[in-house]
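For the record, the sequence lines run as chains D and E. The first sequence begins at 3 in my numbering and counts up one residue at a time. The second sequence begins at 3 in my numbering and counts up one residue at a time.
These are computed hints drawn from the structure, not numbers from a lab. Possibly wrong hints are sitting among the right ones.
No copy labels: a pair is met if it fits in one copy or bridges any two.
[What the hints assert, rightly or not] Derived pair list, reagent style DSS-like, types lysine-lysine, alpha-carbon separation capped at 30 Å:
#1 Lys147 x Lys79
#2 Lys33 x Lys9
#3 Lys145 x Lys79
#4 Lys33 x Lys52
#5 Lys5 x Lys16
#6 Lys5 x Lys52
#7 Lys79 x Lys33
Note that the structure is a prediction, hence the values are computed from the model and not measured.
There are 2 protein chains.
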Amino acid sequence: MSKVEAKKEQIIQKVTHYMILEGLADVGLRKLAAVGGTSDRMLIYYFGTKDGLIGEAMATVAAGLSMQLDAVLGEEKRDAQTLLNELYALNQVPEFNLTIRLWFEVIGLAVRGREPYASSALAIAQNWVRWVESRLIEEDVPKAKTLFAELEGRLMINLIGVEI
Amino acid sequence: MSKVEAKKEQIIQKVTHYMILEGLADVGLRKLAAVGGTSDRMLIYYFGTKDGLIGEAMATVAAGLSMQLDAVLGEEKRDAQTLLNELYALNQVPEFNLTIRLWFEVIGLAVRGREPYASSALAIAQNWVRWVESRLIEEDVPKAKTLFAELEGRLMINLIGVEI
DNA sequence: TAATTTATGTAGCACCTGCTACAATCAAGA
DNA sequence: TCTTGATTGTAGCAGGTGCTACATAAATTA
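Please model the complete structure; the sequences and the hints are all you need to start from.
What follows is the structure in structure tokens.
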């Protein structure tokens with residue numbers, strides 16, 4: 003990895019971490035530059051546009067999701083109902099809860115096709131589904147997308163504040 | 003209704019319609035003023051703040067939801083599975099699809115507690131649930147929230163572009 | 001009719017937005 | 001060493017943001 007690429011990688015890590023913590027509502031170039039320990043000038047130099055940077059940060063979120071899930075839930079396979087309940091319970095884990103909030107922010111920005119959010123949302127969703135499939139016992143694999151839908155719906159109305 | 007209130011109501015209708023059509027991404031005071039046939043100056047005069055206006059527009063969306071649902075699905079009661087499928091099918095109706103997109107945009111802005119979105123999201127969600135409860139056969143009423151979660155999840159991953 | 005309140009236009013403030021032009025510095029190859 | 005290209009700072013542009021000060025017009029009340 004070249005020096006420049008190492009620097010870019012470092013910036014992406016910091017920016018990604020910040021977004022998970024603080025969300026996407028107030029991310030201007032200057033604030034992101036401060037977060038990444040550089041200048042707005044250099045962010046454009048490295049990533050071309052603000053959206054370029056955000057796109058890479060979202061890709062990092064997507065890539066980190068499976069690892070995060072593995073770290074907490076392990077590698078064993080489960081039946082659909084068990085997996086759903088365990089995934090939903092992750093909402094209690096602060097680190098996860100923040101990522102999920104960010105995830106719904108991305109969805110909100112993606113629903114009218116706006117880039118880079120639309121592509122990122124699709125990528126993250128596919129990551130979710132693939133991970134779920136890989137942790138379901140064979141007979142329940144076809145239920146992966148249904149399980150995912152149910153999980154997302156429950157997470158969503160929980161975040162909004164409707165008690166179930 | 004006083005003259006001022008009539009004018010306010012008229013503005014809210016136009017702004018609400020515009021938001022359903024175009025989303026929440028680029029709504030500045032000046033654009034909303036043009037949409038509502040007035041000036042930014044008067045928007046503040048009428049609604050206090052931009053968030054005040056948006057809050058009222060979102061309340062209008064919430065209030066209109068039940069009516070919209072009634073108009074399309076009628077008043078008969080159904081079992082949970084049937085109602086879920088019929089509600090999900092509404093996503094094919096352009097008018098509904100747009101409202102649902104707006105709904106997810108509101109959620110994205112609400113997930114970190116930001117007002118007026120957080121309150122609006124809760125209100126709209128409660129409207130959904132109440133409506134669903136009112137159209138379920140008695141024995142399925144306890145399933146209302148679960149049904150709602152499943153519906154929202156399916157709508158969401160459909161909007162993102164994951165084929166089910 | 002005079003006084004007072006309500007409604008609205010004009011102009012602008014202070015700040016933020018993504019991004020760029022230009023120049024300076026630095027490292028590496030010839 | 002000289003030159004060339006990569007890297008970075010400084011300053012700023014053009015446009016947008018929510019909102020306000022001030023003045024005027026219009027409606028209402030005394």
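We went through each hint and held it up to the structure:
| no. | hint | in the structure |
| --- | --- | --- |
| 1 | Lys147 x Lys79 | both (16 Å within a copy, 28 Å between copies) |
| 2 | Lys33 x Lys9 | within (18 Å within a copy, 40 Å between copies) |
| 3 | Lys145 x Lys79 | both (14 Å within a copy, 28 Å between copies) |
| 4 | Lys33 x Lys52 | both (12 Å within a copy, 24 Å between copies) |
| 5 | Lys5 x Lys16 | within (17 Å within a copy, 54 Å between copies) |
| 6 | Lys5 x Lys52 | within (21 Å within a copy, 46 Å between copies) |
| 7 | Lys79 x Lys33 | neither (42 Å within a copy, 52 Å between copies) |
Going through the hint list in order, the structure does not satisfy hint 7, though it satisfies all others.
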